[in-house]
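Residue numbers (numbering that gives the first Met the number 0), protein chains in the order written: chain A, 0 to 353; chain B, 0 to 353; chain C, 0 to 353; chain D, 0 to 353; chain E, 0 to 353.
The reader is advised that the hints may include incorrect statements.
Put simply, identical chains are the same to the list, so a pair is met inside one copy or across any two.
In silico DSS-like pairs for lysine-lysine, Cα to Cα no more than 30 Å straight-line [as the list claims (entries may be wrong)]:
#: 1; residue 1: Lys77; residue 2: Lys160
#: 2; residue 1: Lys121; residue 2: Lys165
#: 3; residue 1: Lys120; residue 2: Lys288
#: 4; residue 1: Lys100; residue 2: Lys28
#: 5; residue 1: Lys144; residue 2: Lys288
#: 6; residue 1: Lys288; residue 2: Lys121
#: 7; residue 1: Lys77; residue 2: Lys100
#: 8; residue 1: Lys160; residue 2: Lys30
#: 9; residue 1: Lys193; residue 2: Lys28
#: 10; residue 1: Lys120; residue 2: Lys77
#: 11; residue 1: Lys58; residue 2: Lys288
#: 12; residue 1: Lys288; residue 2: Lys193
#: 13; residue 1: Lys58; residue 2: Lys44
#: 14; residue 1: Lys121; residue 2: Lys58
#: 15; residue 1: Lys288; residue 2: Lys44
#: 16; residue 1: Lys225; residue 2: Lys44
#: 17; residue 1: Lys193; residue 2: Lys121
#: 18; residue 1: Lys225; residue 2: Lys189
#: 19; residue 1: Lys165; residue 2: Lys193
#: 20; residue 1: Lys144; residue 2: Lys120
Source of the hints: derived by calculation from the structure; they are not laboratory data.
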Amino acid sequence: MLRLFRKTARKVGLPPGTLVQVEEKKAEKVKISLIDYDEAQFQEKEAETVEECFPFRDKPSVTWINIDGVYQVEVIEKIGAHFGIHPLVLEDIMHTVQRPKIEEFEDYIFVVVKMIYFDDKKNDIEAEQLSIILGPNFVISFQEKEGGVFDHVRERIRRNKGRIRKMKPDYLAYALLDTIVDHYFIVLEKLGEKIEGMEEELVTEPTPETLQSIHILKRELIFLRKSIWPLREVVNVLERGESSLIDESTGIYLRDVYDHTIQVVDTVETFRDMVSGMLDIYLSSISNKMNEVMKVLTIIATIFIPLTFVAGLYGMNFKYIPELEWHWGYFAVLFVMVIIGFVMVLYFRNKKWL
Amino acid sequence: MLRLFRKTARKVGLPPGTLVQVEEKKAEKVKISLIDYDEAQFQEKEAETVEECFPFRDKPSVTWINIDGVYQVEVIEKIGAHFGIHPLVLEDIMHTVQRPKIEEFEDYIFVVVKMIYFDDKKNDIEAEQLSIILGPNFVISFQEKEGGVFDHVRERIRRNKGRIRKMKPDYLAYALLDTIVDHYFIVLEKLGEKIEGMEEELVTEPTPETLQSIHILKRELIFLRKSIWPLREVVNVLERGESSLIDESTGIYLRDVYDHTIQVVDTVETFRDMVSGMLDIYLSSISNKMNEVMKVLTIIATIFIPLTFVAGLYGMNFKYIPELEWHWGYFAVLFVMVIIGFVMVLYFRNKKWL
Amino acid sequence: MLRLFRKTARKVGLPPGTLVQVEEKKAEKVKISLIDYDEAQFQEKEAETVEECFPFRDKPSVTWINIDGVYQVEVIEKIGAHFGIHPLVLEDIMHTVQRPKIEEFEDYIFVVVKMIYFDDKKNDIEAEQLSIILGPNFVISFQEKEGGVFDHVRERIRRNKGRIRKMKPDYLAYALLDTIVDHYFIVLEKLGEKIEGMEEELVTEPTPETLQSIHILKRELIFLRKSIWPLREVVNVLERGESSLIDESTGIYLRDVYDHTIQVVDTVETFRDMVSGMLDIYLSSISNKMNEVMKVLTIIATIFIPLTFVAGLYGMNFKYIPELEWHWGYFAVLFVMVIIGFVMVLYFRNKKWL
Amino acid sequence: MLRLFRKTARKVGLPPGTLVQVEEKKAEKVKISLIDYDEAQFQEKEAETVEECFPFRDKPSVTWINIDGVYQVEVIEKIGAHFGIHPLVLEDIMHTVQRPKIEEFEDYIFVVVKMIYFDDKKNDIEAEQLSIILGPNFVISFQEKEGGVFDHVRERIRRNKGRIRKMKPDYLAYALLDTIVDHYFIVLEKLGEKIEGMEEELVTEPTPETLQSIHILKRELIFLRKSIWPLREVVNVLERGESSLIDESTGIYLRDVYDHTIQVVDTVETFRDMVSGMLDIYLSSISNKMNEVMKVLTIIATIFIPLTFVAGLYGMNFKYIPELEWHWGYFAVLFVMVIIGFVMVLYFRNKKWL
Amino acid sequence: MLRLFRKTARKVGLPPGTLVQVEEKKAEKVKISLIDYDEAQFQEKEAETVEECFPFRDKPSVTWINIDGVYQVEVIEKIGAHFGIHPLVLEDIMHTVQRPKIEEFEDYIFVVVKMIYFDDKKNDIEAEQLSIILGPNFVISFQEKEGGVFDHVRERIRRNKGRIRKMKPDYLAYALLDTIVDHYFIVLEKLGEKIEGMEEELVTEPTPETLQSIHILKRELIFLRKSIWPLREVVNVLERGESSLIDESTGIYLRDVYDHTIQVVDTVETFRDMVSGMLDIYLSSISNKMNEVMKVLTIIATIFIPLTFVAGLYGMNFKYIPELEWHWGYFAVLFVMVIIGFVMVLYFRNKKWL
């Protein structure tokens, strides 16, 4: 389940840019995969140590270093030192509760976004932080944990599909962002199905579980919204393309991602509208149902309480009319009482009180 | 019924601009109709193959190519190649879940809007995507399926009504947009009638079905709003007329469409206000009704439960007063009990508890 | 009653600027009144035909042509042709569902506003469209139907009260707008009285009719808001005075109207706040009342149902205690039962359950 | 009590700037107090006629004319004529339902604000309109009625406390505005106490009177908000100090008032948030209470209705078991019935139905 | 508990900049701690009198004067006089109900923020006002009362950790603000835990206490929001760095604080969304529960009231059928009555009335 608030490592009072090693995450292995390519050649390897990546910094070809796991202080520090990344940026990379943002430095652009995807195995929505550093001839991406979200992009590089091998690292960064936004669509599709199912349910048989589902859905939409609004800002800044690191030819692709982001924003807002409408419908349905229950109770009471009273009265009086034959007296009493009860029900219905 | 969210063809990870053939739509025939005109002459034909349209690109007269059905990859690709349309634009045309938008290129303007119209046969609101490419001497329009929405425009060209034959393709594009906005008005009119009918119903006899209708109406308004807000933006960009493809003389007509769009936006917002007000009224009506039901129950209980008790008491005691004649005792008891019941009801009413 | 949505003459697909003759309105007579004045002289007449007005176009004095009834195509067309009005403007004049707006042309300014006034005869709020064309030395105003709203302005011209005779036509246009805004105040005053009356009612005796009134009030405020927000925009554009047709000296008067418009906007928003607060109060009052009803029922049931049970028990047992004298046994039983009932009521009250 | 809407004198159709004498206010005496000062000297007097103030216009020292009562047309007219005030301004002064605003003229600045203060005698919030005319060497202030709000300022002038005697009239105008904003704080303090009291009440014992108080509080906050938002605008315009009548050295003081105004705005918004939260809590409390009431009723009914039924059954049957001793049979029956009742209550509680 | 509104010392009508001694606070001791440092040296002392600090004003090293307790007029006045602080600023420092703000003067920058931290001893959120004066070579900070919030910063100066000793006073001011924002995060974390706990509670067992907790949480969020929105503005102004007192190299650190502030704002808004969602869920849960209670009541009544009636009828009639054996008659009657009761319950369930 998405958590709206994650505890951060307590770091109050430390000097800014101090990298904090979260104890429980220490053991987690960092996986470094490296792809180096240009139009002519292509090279891919799993780096054992972070130092293996360093020679690629000065090669003119495009180098994509993908790091799964960001909790090893020394790895992050080494990369930071070699690629000249500001300590505050390194802190943001390790501190995986950032709000999506973009920061432009002289030599590189730093982008943080939320990667939200549907995990088919867990059948649940997963979220993690993705940090991207876009340099003049390299892209470094930091994921929280291993995952296959970018497999399609790797495949396109390997097979030289599309124009990715012909382009600079800014296009690679675009491709990563594009993939992330595509995953937002898949998540929205899942939510859309859920909403449609729930609307069905609301109409046919609302239960307290429906309420619970609406509540969870609302949380998920709050989470999506919190991630997607600043993402929109991030893509917008990139698209305006004031940095020399963004090639003009990538502009149209970034505009395309921007359009998609807007569409996601739009859909999230629409879903919010719908879910809040569903809550109203739910409440009204419950009121309606209670109304029906009350009517049953009232009709029962209206017919039988007076009957019981009359029965009591007659029981009291029959003793004094012993000559009254029991069988036809019984029917007379029953008949009269049923008539009275129905007349009362009809009267109240007529008054629109029932 | 309008669907707020349509599944998109899964295309995560494909290079941008890849045209995807949706399997189930493959068989659908594409219908290409072509109209070529200037002030002096007029020519109309159904093109069998897309190549028949190509010679018209270089003719100085205005050419309007209307394509019904956008799911045949090769047709879209051929047009794109011949008229120099960017692959991302072609992708947007085929991917019929776009948000209304406008994109200005050097040689052409690309406009996507939602066409929403009332289908008299189905007696329901229908929506589809319309893409327009406005070039220096041609307009290409892509509809999702065949339909007669633009028949009036064709008629005006054929009969040389108004100034359409005298004007450039930008005026034709305007005429198409104007027609689309006109259809929004018709849809709003239908919704307006529905709302008025429901307000009547709310007052006279609210039922759970009313709630259902309010919910559906709300969805339709969310849908309309989602389509019309960006449309407003689109028309605004066109009207500001920064592109050389838009003639200055067309400006006043675009301003007129813009005014109409604003009016639609306004009406949609007003309807939303009204529908949300209706939900409040509905809830209050139900509470009112339950109040009435409860009052009936309470009055019945207040009169008859004590009566039953008293009847029981008397029944118990009469046995010990055998000398009491049954008939006048009966009336005395009844009289006293009815008096007590009514006094209690009056007392509670007085306290404003009933 | 104000209608939030008026059917428009169906004109989908007609060329823009086509004037449509609405059949049922055809017979309505158009009344043309003409006032021509400058500081020195004053002339007033009822024109039989529209042509009688034409000579005044070229006179240097200020000419005010007021047309009641806008559904006669040929009258509107003739005026349009003679005074050089754009066909789209003429269409807007006849198509009386416009949103308030202002359009500045080279030779004239076109203003559309909603005229909302309280009709004392019908004791209801009325609304119609007023179109004003302000030229260099004339003002043409188009009303939907005959009415005395502008009688005060005519009187001021006739009697040369204030500075109206000394000023140019822009001042006349200002005077018309000022009158319209003044009528908004009167309508607001009526609504204010209604609201105060209803607040009284809410406190003393809320009924389903109160709910109905709140609903109608809400509609009227939605309508007012829809008219007044764009009117504010219109007056603001006029006040900024970029057109040469607006004299600088008129600026301060337009600012005054602008202030009044803001005040109307403000009051409408305040009323909306109040009315939405009233709905909350209403709902709470109903819940409160139901609470009271339920308490009555529960107290009755808590006292009498156990009593009935005990009465039943005793009735059963007395038979086995025949030596028990009926009269003091009766009182003992009654006493004990009443004590038990009250103890229970007190207990539940103490627990704050009642 | 604050009235959200005050009837204005009907003046539809009168030329702008016409001063209307409200009949019922005619008799009210106008009180004119005059203070003239500079650093060296100080002079204070009650003027009998308005003409006594005129000589001060041309004195270089600062003159403060305070007028209590604005309903005497001739007084206002004379002042207007002598000090060169525009008729529209005079109209605004007399028409005491203005929205707070500022208007800059060549020779003077016109400011209208709402003076809201807590009247200790009436123990209620009072509101009136204050108009200020700031000229090059004079300040004229118009209050609706006599009151001691500005006594502190007079005292500071008399005793030469602070820098007021050293400064120009703009500082005096600032001092008046500052006093008014200070009174807003006192009003807010009173409302804050009221809110805290009501929160206490909501928790311990919500009654229909609480609802009434929330409603009144809401109205007062709507009123405050309506006055304070435009006041903020007014002070902001003054602070930006584009007029030559505002000395640069007064700027920092005006910024201080501006900060205070923002704080008032902030507090009003916070109060609104809290009051709307209180309404939710109130509604929930009522629902909670009704829930408790219903539970009592249901528990009573669940225990005693079946008991009554069983008692009836046994009463019927004992007759046929005469050999059953009454005393131990009584206890057996009672025991069994109570067991059954409690088992049912426990069962339903377990199902979380009670 | 956080108080949303604190009474201010009544100071209506006093000249601006008058420092008011709040009587009850008079006795409170002021604690002055002084740290003076540059890269090479470091000096720390507790000043007995304010005069001890004065010599440091002209030293080139960075001096940080921290004052705990702001209610001693003479201390504040002396500092103001010696460091050239404007009286209005001094007033704001002592008047500890300021809205967070920044004011730039020629020689110094004045910043007021709300310091909100979690007091572990009281297990509650505490708030106080922090005023910072940033001069060319000094920082003066005013806290309301003694507390260890800045101990970490002192430690960093003492131990020369990070770059603080190498930087100018603007970096020190940044470090203070950074610490304050870090404490906001801790407070948010506590609130986040509370919210998660309450969501758990809402689902499993909602009680009136849950409602109370939601209400308190809402208040705390209103308070946080009121403090954090203007803080964001303050940091933004600092970051834009137009003052010469802010070194360019501090810019990136301020941007970091700004990002954190945005994140706090974001989280507060998210929490507000969630809490308002919780209230809806709470209300729905209560309605659901009442529905269940009503169903129990109705089922009981539907089965037993008719049974009682039938029992009464039979009781009446058995007397007339003495030959009916009691035991099998008893079972027959019971059997028939239970069948009837269940048939009715099933019938109503089928109709979806129960």
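In rising order, the numbers of the hints this structure does not comply with: 2, 3, 5, 6, 9, 10, 11, 14, 15, 16 and 19
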